[in-house]
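Number of protein chains: 2
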Amino acid sequence: MTQLPSRVHILEEGPREGFQIEKGPISTARKIELIDALSHTGLTHIQIVSFVDPRRVPGMADAEEVVRGIAPAPGVTYTGLWLNERGFERAIATGVLDIRGTIVVGASDAFLKRNQNRDMAEQIASQRTLVQRYRELGYPVTRGGVMAAFGCNYEGDVAVSRVVSLVGEILAIANENEIKLEYVSLADTMAWATPLSIKRVVGALQDAYPDLPLSLHLHDTRGLGIANAYAGLEMGVARYDAAVAGLGGCPFAGHAGAAGNVCTEDLVFMCEEMGVDTGIDLEALIACAKLAEDIVGHPLPGAVMRGGALSKLRAAAASGRR
Amino acid sequence: MTQLPSRVHILEEGPREGFQIEKGPISTARKIELIDALSHTGLTHIQIVSFVDPRRVPGMADAEEVVRGIAPAPGVTYTGLWLNERGFERAIATGVLDIRGTIVVGASDAFLKRNQNRDMAEQIASQRTLVQRYRELGYPVTRGGVMAAFGCNYEGDVAVSRVVSLVGEILAIANENEIKLEYVSLADTMAWATPLSIKRVVGALQDAYPDLPLSLHLHDTRGLGIANAYAGLEMGVARYDAAVAGLGGCPFAGHAGAAGNVCTEDLVFMCEEMGVDTGIDLEALIACAKLAEDIVGHPLPGAVMRGGALSKLRAAAASGRR
Numbered sequence: 455m456t457q458l459p460s461r462v463h464i465l466e467e468g469p470r471e472g473f474q475i476e477k478g479p480i481s482t483a484r485k486i487e488l489i490d491a492l493s494h495t496g497l498t499h500i501q502i503v504s505f506v507d508p509r510r511v512p513g514m515a516d517a518e519e520v521v522r523g524i525a526p527a528p529g530v531t532y533t534g535l536w537l538n539e540r541g542f543e544r545a546i547a548t549g550v551l552d553i554r555g556t557i558v559v560g561a562s563d564a565f566l567k568r569n570q571n572r573d574m575a576e577q578i579a580s581q582r583t584l585v586q587r588y589r590e591l592g593y594p595v596t597r598g599g600v601m602a603a604f605g606c607n608y609e610g611d612v613a614v615s616r617v618v619s620l621v622g623e624i625l626a627i628a629n630e631n632e633i634k635l636e637y638v639s640l641a642d643t644m645a646w647a648t649p650l651s652i653k654r655v656v657g658a659l660q661d662a663y664p665d666l667p668l669s670l671h672l673h674d675t676r677g678l679g680i681a682n683a684y685a686g687l688e689m690g691v692a693r694y695d696a697a698v699a700g701l702g703g704c705p706f707a708g709h710a711g712a713a714g715n716v717c718t719e720d721l722v723f724m725c726e727e728m729g730v731d732t733g734i735d736l737e738a739l740i741a742c743a744k745l746a747e748d749i750v751g752h753p754l755p756g757a758v759m760r761g762g763a764l765s766k767l768r769a770a771a772a773s774g775r776r
Numbered sequence: 455m456t457q458l459p460s461r462v463h464i465l466e467e468g469p470r471e472g473f474q475i476e477k478g479p480i481s482t483a484r485k486i487e488l489i490d491a492l493s494h495t496g497l498t499h500i501q502i503v504s505f506v507d508p509r510r511v512p513g514m515a516d517a518e519e520v521v522r523g524i525a526p527a528p529g530v531t532y533t534g535l536w537l538n539e540r541g542f543e544r545a546i547a548t549g550v551l552d553i554r555g556t557i558v559v560g561a562s563d564a565f566l567k568r569n570q571n572r573d574m575a576e577q578i579a580s581q582r583t584l585v586q587r588y589r590e591l592g593y594p595v596t597r598g599g600v601m602a603a604f605g606c607n608y609e610g611d612v613a614v615s616r617v618v619s620l621v622g623e624i625l626a627i628a629n630e631n632e633i634k635l636e637y638v639s640l641a642d643t644m645a646w647a648t649p650l651s652i653k654r655v656v657g658a659l660q661d662a663y664p665d666l667p668l669s670l671h672l673h674d675t676r677g678l679g680i681a682n683a684y685a686g687l688e689m690g691v692a693r694y695d696a697a698v699a700g701l702g703g704c705p706f707a708g709h710a711g712a713a714g715n716v717c718t719e720d721l722v723f724m725c726e727e728m729g730v731d732t733g734i735d736l737e738a739l740i741a742c743a744k745l746a747e748d749i750v751g752h753p754l755p756g757a758v759m760r761g762g763a764l765s766k767l768r769a770a771a772a773s774g775r776r
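Chains as they are written, first to last, in this note's numbering: chain A, 455 to 776; chain B, 455 to 776.
No wet-lab data here; the hints were simulated from the structure. One or more hints might be untrue.
Since the list can't tell identical chains apart, any single copy or any two copies may satisfy a pair.
[Claimed, not checked] No more than 27 angstroms apart at the CA atoms, straight line, and that leaves these computed lysine-lysine pairs for DSS-like:
(1) Lys-653 x Lys-634
(2) Lys-744 x Lys-567
(3) Lys-477 x Lys-744
(4) Lys-634 x Lys-766
(5) Lys-634 x Lys-477
(6) Lys-766 x Lys-653
(7) Lys-567 x Lys-766
(8) Lys-567 x Lys-634
(9) Lys-744 x Lys-634
(10) Lys-744 x Lys-766
(11) Lys-477 x Lys-653
(12) Lys-653 x Lys-744
Produce the entire structure from the sequences given, and follow the hints as far as they go.
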């Protein structure tokens with residue numbers, strides 16, 4: 455039987471993934487309420503806001519207020535997302551967030567063309583420039599990322615060899631700058647991955663770059679998120695992005711087709727039940743998932759928050775047998 | 455990398471699992487509409503009704519009318535579920551359903567005591583009597599089943615050795631009657647399974663009974679249904695029960711905590727994307743899932759019916775590259 459990792463690290467992205475997509479206005483206070491609750495679950499890294507154009511993403515217009523309002527807990531790293539120089543400057547200006555650079559490439563030419571009007575070479579060149587900028591400002595660059603690593607709505611399947619080659623480009627930029635990346639994240643941006651393709655891509659990268667830790671960012675649009683995470687665990691992947699309650703997407707009325715990251719508490723449940731330590735208090739996290747649902751005001755996709763964890767049932771059964 | 459089965463068989467239980475649990479009255483005509491639509495998707499076995507006390511399960515009071523109303527399609531087997539002699543007689547009286555016996559045991563003492571007021575020995579004895587009755591009436595006994603094979607809300611974890619022993623009891627009853635079972639089904643009745651426990655239990659049974667095909671009946675209460683099915687595939691299990699759209703449970707408003715079987719079209723999507731043939735037309739099945747949602751009048755848990763299959767995107771991408 456495959457050996458699963460003894461411990462995994464989960465990056466909680468629910469506040470950022472969720473509040474940027476929700477239609478209804480959500481008060482700054484309630485966003486802060488959720489982040490503060492998440493800060494006491496054992497999570498060690500929470501991505502709480504994105505610094506994007508408030509005209510395009512009104513749900514993130516209060517990003518600075520959110521950052522200022524939280525009560526940072528010891529041992530928890532808070533980060534934000536930015537997509538351009540302006541966003542980067544806003545993130546720095548908060549003075550609270552952990553600022554780290556990422557070298558990001560997309561695996562699909564068609565996706566890059568449509569979204570950034572760049573080809574692959576131009577995108578890689580832009581990352582080279584960006585890394586210089588991070589270094590000049592004294593911020594560390596700690597991770598790489600490959601978007602659409604498992605397939606793309608515009609381009610179709612992505613060859614495993616292309617992902618291997620792109621990770622090579624990321625590592626080359628890192629090496630040129632004497633940076634040792636902590637890990638490279640593979641994003642199933644458009645939910646094309648299956649457990650089998652996770653194994654193929656991860657396996658090929660492990661063969662090519664044996665010392666490079668990998669992370670998985672899995673969207674659940676086609677219901678395979680947790681199965682894909684399991685495939686990652688079987689391959690020894692020990693880092694996952696996830697969103698409490700499945701925030702960031704709701705496949706139900708008014709949110710047709712959208713889907714967020716794999717649900718944090720469902721992932722934690724699976725890991726802990728299989729003996730993979732997450733460091734997270736599942737019951738506290740379930741309480742956060744219920745709070746998230748209350749805040750957004752509609753059902754969210756998480757399952758364990760409804761089905762319940764097993765620890766209480768197990769304890770009751772054990773005491774009944776005594 | 456693990457070798458997955460080249461082909462799997464899916465038993466569609468949506469009509470039976472779904473219509474027995476829905477609160478709102480659903481017309482007989484609409485039940486028939488769904489079953490007839492499912493009959494033209496490539497599914498070869500559909501469990502369409504249960505013959506239970508209409509005072510306890512009003513949604514199945516029209517079971518005979520449903521059976522009489524469908525337009526049986528060539529190559530499709532239609533079955534019903536019964537839990538006692540009266541139900542068995544009703545199923546026979548339809549003259550349409552495929553009547554086959556199952557030797558069923560529960561893996562949990564506590565569950566048996568609560569639900570049937572029997573201990574394990576009494577339950578096994580009752581199955582021995584039932585098999586005699588099937589044989590007297592000339593009906594084949596083709597499968598075995600273990601309920602709560604992965605854990606129980608009342609008893610907690612179930613030892614792998616107990617499942618191995620219970621399957622041994624099932625096979626003993628079969629052997630005494632010179633019956634060769636087609637397969638034994640393992641039911642995760644209360645959603646305690648993880649991919650790891652699926653592998654442990656299936657592996658132990660394969661070691662003990664190398665020639666015995668297994669089937670999995672997976673509830674999705676805690677979100678691990680598809681991941682558990684993937685673990686089954688990795689172990690070579692080639693039979694699964696599933697419910698179109700995830701009928702039989704809805705974790706959303708008004709249905710708190712309930713959850714049905716793993717969703718058929720999500721399972722078909724995963725299998726086909728991994729090269730595991732299901733014989734099912736995914737687009738036709740997605741249309742059935744949308745029909746099921748229209749019939750029940752509320753959102754159902756299926757993901758692929760919202761996220762969409764990949765075949766059209768893949769074809770469009772390929773034609774764009776030409």
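Structure-based check of each hint:
Taking CA atoms no more than 27 angstroms apart as the test, Lys-653 paired with Lys-634 passes inside one copy only; the shortest distance there is 25 angstroms, against 37 angstroms between copies. Neither within a single protomer nor between protomers do Lys-744 and Lys-567 lie at most 27 angstroms apart by alpha-carbon distance, with minima of 39 angstroms and 34 angstroms respectively. In the homo-oligomer, the alpha carbons of Lys-477 and Lys-744 lie at most 27 angstroms apart both inside one protomer (19 angstroms) and across protomers (25 angstroms), since each shortest distance falls under that limit. In this homomeric assembly, Lys-634 and Lys-766 never come within 27 angstroms of each other (Cα to Cα): the closest approach is 43 angstroms inside a single copy and 41 angstroms across copies.
In this assembly of identical chains, Lys-634 and Lys-477 lie within 27 angstroms of each other by CA distance neither inside one copy nor across copies; the values are 40 angstroms within and 58 angstroms between. Proximity of Lys-766 and Lys-653 under a CA criterion of 27 angstroms is satisfied inter-copy only: 24 angstroms between copies versus 34 angstroms inside one chain copy. Taking the closest pair of Cα atoms, Lys-567 and Lys-766 come within 27 angstroms of each other only across two copies (21 angstroms); inside a single copy the shortest separation is 51 angstroms, beyond that limit. In this assembly of identical chains, Lys-567 and Lys-634 lie within 27 angstroms of each other by CA distance neither inside one copy nor across copies; the values are 30 angstroms within and 60 angstroms between.
Within a single copy, Lys-744 and Lys-634 get their C-alpha atoms no closer than 39 angstroms, and across copies no closer than 49 angstroms, so neither meets the 27 angstroms cut-off. Within a single copy, Lys-744 and Lys-766 get their C-alpha atoms as close as 18 angstroms, which meets the 27 angstroms cut-off; across copies the closest is 36 angstroms, which misses it. For the homomeric pair Lys-477 and Lys-653, neither the shortest alpha-carbon distance inside one copy (36 angstroms) nor that between copies (42 angstroms) is at most 27 angstroms. Taking the shortest alpha-carbon separations for Lys-653 and Lys-744, neither the intra-copy value of 33 angstroms nor the inter-copy value of 32 angstroms comes in at or below 27 angstroms.
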